[in-house]
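Participant: According to this note's numbering, the sequence shown is numbered sequentially starting from 20.
Simulated from the structure, these hints should not be mistaken for laboratory data.
Here the structure is a predicted model, which is why all the values come from computation and not from measurement.
Glycine residues also receive a C-beta, built at the ideal position from the N, C-alpha and C atoms.
Some hints here could point you the wrong way.
As the list claims (entries may be wrong) - Here are the simulated DSSO-like cross-link-like pairs (lysine-lysine), alpha carbons at most 27 Å apart as the crow flies:
(1) Lys207 to Lys141
(2) Lys342 to Lys272
(3) Lys207 to Lys196
(4) Lys207 to Lys342
(5) Lys196 to Lys96
(6) Lys96 to Lys37
(7) Lys176 to Lys37
(8) Lys207 to Lys269
(9) Lys361 to Lys269
(10) Lys41 to Lys141
(11) Lys272 to Lys333
(12) Lys141 to Lys96
(13) Lys196 to Lys270
(14) Lys204 to Lys270
(15) Lys140 to Lys96
(16) Lys269 to Lys358
As the list claims (entries may be wrong) - Between beta-carbon pairs, the in silico distance windows are:
(17) Asn283 to Asn262: 15 to 25 Å
(18) Lys272 to Thr36: 48 to 58 Å
(19) Glu57 to Asn338: 38 to 48 Å
(20) Asn24 to Glu63: 39 to 49 Å
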Amino acid sequence: MAGFNDNAGGGDLSKVTKEVWKNNCFPEWGRWLNDEIEDTIVPENNFAMWWLGCTGIWLKTPGDANICIDLWLGTGKRSKRDWDFPYSQGKKFQMYRMNGGPTYQPNTRTVPMVIDPYEIKKIDAVLSTHFHRDHIDQYVAAAICQNFEDVPFIGPKFSCDIWREWGVPEERIREVKPGDEICIKDMKITAVDSFDRTALITCPAPEDSRGICPSDMDDRAVNYVIQTPGGTLYHSGDSHFSNGYFEHGKKYKIDVALASFGENPPGLTDKMTSADVLRMAENLNTKVVIPFHYDIWCNMLADPSEIEYLYQFKAPRLNYQFKVYIWQVGGQYMYPRDKDLKRFMFDRGFHDAFTDEPNIPFKAFL
20 MAGFNDNAGG GDLSKVTKEV WKNNCFPEWG RWLNDEIEDT IVPENNFAMW
70 WLGCTGIWLK TPGDANICID LWLGTGKRSK RDWDFPYSQG KKFQMYRMNG
120 GPTYQPNTRT VPMVIDPYEI KKIDAVLSTH FHRDHIDQYV AAAICQNFED
170 VPFIGPKFSC DIWREWGVPE ERIREVKPGD EICIKDMKIT AVDSFDRTAL
220 ITCPAPEDSR GICPSDMDDR AVNYVIQTPG GTLYHSGDSH FSNGYFEHGK
270 KYKIDVALAS FGENPPGLTD KMTSADVLRM AENLNTKVVI PFHYDIWCNM
320 LADPSEIEYL YQFKAPRLNY QFKVYIWQVG GQYMYPRDKD LKRFMFDRGF
370 HDAFTDEPNI PFKAFL
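With these hints in hand, go ahead and build the complete structure from the sequences.
Facilitator: Rendered as structure tokens:
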């Protein structure tokens, strides 16, 4: 766990096996982010969150409420020669069901796993927005069930059914639909309508005559409005753009909104475009909009700079009252402390350079 272990075999390379390599290097960040989250004391009238990849978020409050939403620690394609693992499922495969195309989808994971679920020491709830496998995770479920006795799993019916299938105890599962509220310490979580049209056509159930899965959206997906002492967070899951955001913006005072952004392949509309992200922010009347999900899949990888460019073009004319923030996976964002920032940058370190060794050789070349 110390990192940079460049002599794992102790001089005997035959001992450096694939298992040793996996144990030493994965997850790539080890406990680093676990430690940072644990050590962070959230100031009064703020809330802190960390981007865990895809739409995975860790949220922490001044009252030490800790929840994760959509934490996913799996992978996409792992071999070009084996299209049956893990997502190619013929005509049941979601991308086939979206456009009638072949099952070929080169969706390899493009960002590291920045948190270790088995090293989580404190958590109050695990949330899922919907049942797609990059928004619900068996490794997270296993780690939480093994290490905690009563942490609840919260999500719509389809997510809860998956947790049941994996073996999460029924008494720990909490099904929610739009309008349901759950209070955890100094945090109030409200499930609201999802606008994830992809979820309506990608499911294990048979289709009806229109090609639509015959169950209500509320069973499949929800968005979350999370009120904290520092402000209100809107987690949109995989929602597309909808005029329904306007209703949510009228009903709730939203400070930070997370928008599922991506580069849609031909024949698919699975993520919001840059224009959609700005429209979502305007409809929600949020103060800050942060794109996510664009990071995870190689075949939908997008550049959030496009949102910045479009914002700069439109903001003076449309008098936008919100700001765009571009994050990095593994990074912390604290609101309202960081409300005026535009882009995330990791701590560069070396703050105490020259203090202990004022006469180090290279100083002569400055």
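Participant: Which numbered hints turn out to be false for this structure?
Facilitator: 5, 7, 12, 15
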